[in-house]
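Chains as they are written, first to last, in the working numbering: chain A, 1 to 449; chain B, 450 to 783.
Note that these hints are calculated values from the structure, not bench results.
Bear in mind that the values here come from a model prediction, so they are computed numbers and not experimental data.
Positions of the beta carbon are idealized from the N, C-alpha and C atoms, including for glycine.
A few of these clues could be false.
[Stated by the list, open to error] Label-pair ranges, simulated between beta-carbon atoms:
| hint | chain 1 | residue 1 | chain 2 | residue 2 | range |
| --- | --- | --- | --- | --- | --- |
| 1 | A | Pro-229 | B | Thr-461 | 43 to 53 Å |
| 2 | B | Gly-777 | A | Arg-30 | 42 to 52 Å |
| 3 | B | Leu-747 | A | Arg-442 | 52 to 62 Å |
| 4 | A | Pro-260 | B | Leu-757 | 35 to 45 Å |
| 5 | A | His-15 | B | Leu-740 | 40 to 50 Å |
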Amino acid sequence: MMIGAFARTFRHGIHPAGHKEATEHLPVERMPFVDRYVMPLGQSAGAPSRPVVRAGERVRRGQVIAAPAAFVSSTLHSPVGGTVVGRGPGHHPSGQLVDALEIEADPYDPQRLPAGEAIPWRELTDDEFVTHVQHAGLVGMGGAAFPSHVKYKLPAGKRVRRLIANGCECEPFLTADHRTMVERAADVLRGLEILGRRLGAEEAAIGVELNKADAIAALEREIAARPLPGLPVRVVPLKVKYPQGAEKMLIDAVYGLEVPAGGLPIDVGCLVNNVGTLASLADWFDRGWPLIERVVTVAGPGVARPANLLVPVGTPVRAVLDHCGGLSAETREVVMGGPMMGMPLASLDVPVLKGTSGLLAFTEVETRLPAEYTCIRCGRCVEACPQFLNPSRLARLARAGRWEEMERYFALDCVECGSCSFSCPSGIPIVQLIRVGKAKLREQRAKAS
Amino acid sequence: MSAHSPRLQVHTSPFLRQGVTTPGLMGDVLLALVPVLAVATYYFGLSALLVVAAAAAGAVGAERLLGPKGAIRDNSALLTGVILGLVLPPGLPLWMAFLGGVVGIGLGKLVWGGLGHNLFNPALVGRAFLQAAFPTALTTWPVPTGLPGLHASSFAAPFLHGEVDGLTGATPLNLMKFAHEATPLADLLRGSVGGSLGETSAAVIVLAGIFLAARRAFDWRIPVSVLLAVAVFSGALYLVDTGRYASPLFMLLSGGLLFGAVFMATDPVSSPLAPRGAWIYGAGIGILVVLIRTWGGLPEGVMYAILLMNAATPLLERIDQPRAFGRGARRTIA
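Generate coordinates for the entire structure from the input sequences, incorporating the hints supplied.
Here is the structure:
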């Protein structure tokens, strides 16, 4: 492709096969409602939300069921009309038991969510805007689920000059953002407009990898149809490379700026938001719809009928997989998220969360552990690491339990993208060793303070 | 209907891997050595094959007997043996080649803790040992005889010095050093000259190097920097006095330089990991080669040049820490 040679990208990184053919052309379809929903109170970073409904109480679809317990904490809304069954321990996809609300859907409720009045967002003060976003229950939908309003509350003296929409979706198999851009280009741009105007951005860019030509075309059509005075928006086509969707990598790819280690995008005047998050932002301010459902890609060799589904948050994973024809007998592992950074599930009886971008079923082929050899210092992990670290050295130090030395080689800069493990010909679980080291370092820090 | 509930495994991400494995990488290098070995056999006869086989048998045997369990699977000992065989003279008694393989693996690798831990290139440790132990045999260069070309000296009994047989001749570097006589470049490219088995055909080695670089089996910066350094340094000398110093093309094509640059300096274990370190390491080898060849007591210096820079590798790694992303960057200003 001619254009590919000139497209921008970040430095280092890897080129895994895309595996997106099965779902990239499938329109998003609505997942039918099921009987029961489980809403863990801690779905995003920060303090778990505080329930505001009692057992036995009837709730409408979209009604607040848990309020933020702190500033870094989010709001939860009922994904269905029905009855609160109770509050108790529920299985979180991470395998832990967490505090959760269980809701039984009312089979006679039409589950409609009428569009409410648009919110006059231009007239809000900055603090009111932030509070509004918190009430929408908006969190980063790329996977990390960091509460969006926290990002929008700018530290004193900092300003956002460049707003970046993250449409990379560099994880193989996933096509949820891709379909969102194709089918909801107008909403993505509306979200950019609202956020850009509120934060006083000078320009906005949408970073999209070149394997999503239809998404690029849809966004460009929309930009041409509705130009925003004073807020130039452009689509930046990017080379296909992993982990381009990591915030710091995307800023490097689009603007050639390096976020300082330990710093935030705001330190270089940037703010990055996932395209799905932006569409949900538009939903809230234009229609009053809180974040109660999201697009999930269901794919992988173990899935009978791969699909892009609009799934209410809280829907059990088992129900979603059933809707896609169930799992094949060869399935060995089910992963929530992408294959590079996703979380393997120990049980299918866990809910889809606000940060769930995909459900992937893998067979023996993908999950077999590679034969392990000693490190021959081939340097492939060094060439892959987007943080310019020396992963092989960090892994060796982690194996030896030399945590302090790991810190000297910037182990805490690691974004755990897994590019090192992917590229290691010796099959060394490099990123896992570094994760252990980072956990140990944080433990030691916590003890010291 | 409920989802078929398999017994779910829980590994850790990532769940995808690129397909290249360490034994596969070693296999690539072995594959690239096949044409080199074929040319060596063509010019030097069956003794060439036998020398390589003996060195490989010594290396693999040592790894098998003394190495960690299962280490043989990674193909690295076989590779060390084949490379060692290719830097030996064609008529070398086979027992010496075998012993070189044993010492290369034993002292060059296993005493350091096995693959990945050795400071020096194991094949070169084996060769340095043989050079020290059997200086005459290691500098006896039969002239290329063609097939079948079995040398009686190949079958000399261990430790009973047999006569070096048949016609022997000087290598191009010997001629240059001691007789000041340049060998035609076409002969160097073809490989029809005296020398170690693998140091003969420049054309084949360059092609093998391009293949390996394309397969990303080694860091291309290393051979490039070695050859560049030799070309620049010897080119400068040549410009100073064309009569006294060898031409840079002769320097590049003669002796073990190409073989060393492509197959030995690039051993990832004993060379620096970071790009800048690789450039310095390669340039160091190139400069040392020209220094030894021009002013040293030996006609050839590739072996010692690589071994010396192997020793410098940990130092290069220490002073050449790659800059981490977002630390001291040029580009943090908005």
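How the hints compare with the structure:
no.	hint	in the structure
1	Pro-229(A) with Thr-461(B): 43 to 53 Å	49 Å, holds
2	Gly-777(B) with Arg-30(A): 42 to 52 Å	50 Å, holds
3	Leu-747(B) with Arg-442(A): 52 to 62 Å	56 Å, holds
4	Pro-260(A) with Leu-757(B): 35 to 45 Å	40 Å, holds
5	His-15(A) with Leu-740(B): 40 to 50 Å	42 Å, holds
Consistency with the previously given hints is maintained throughout, with no hint failing.
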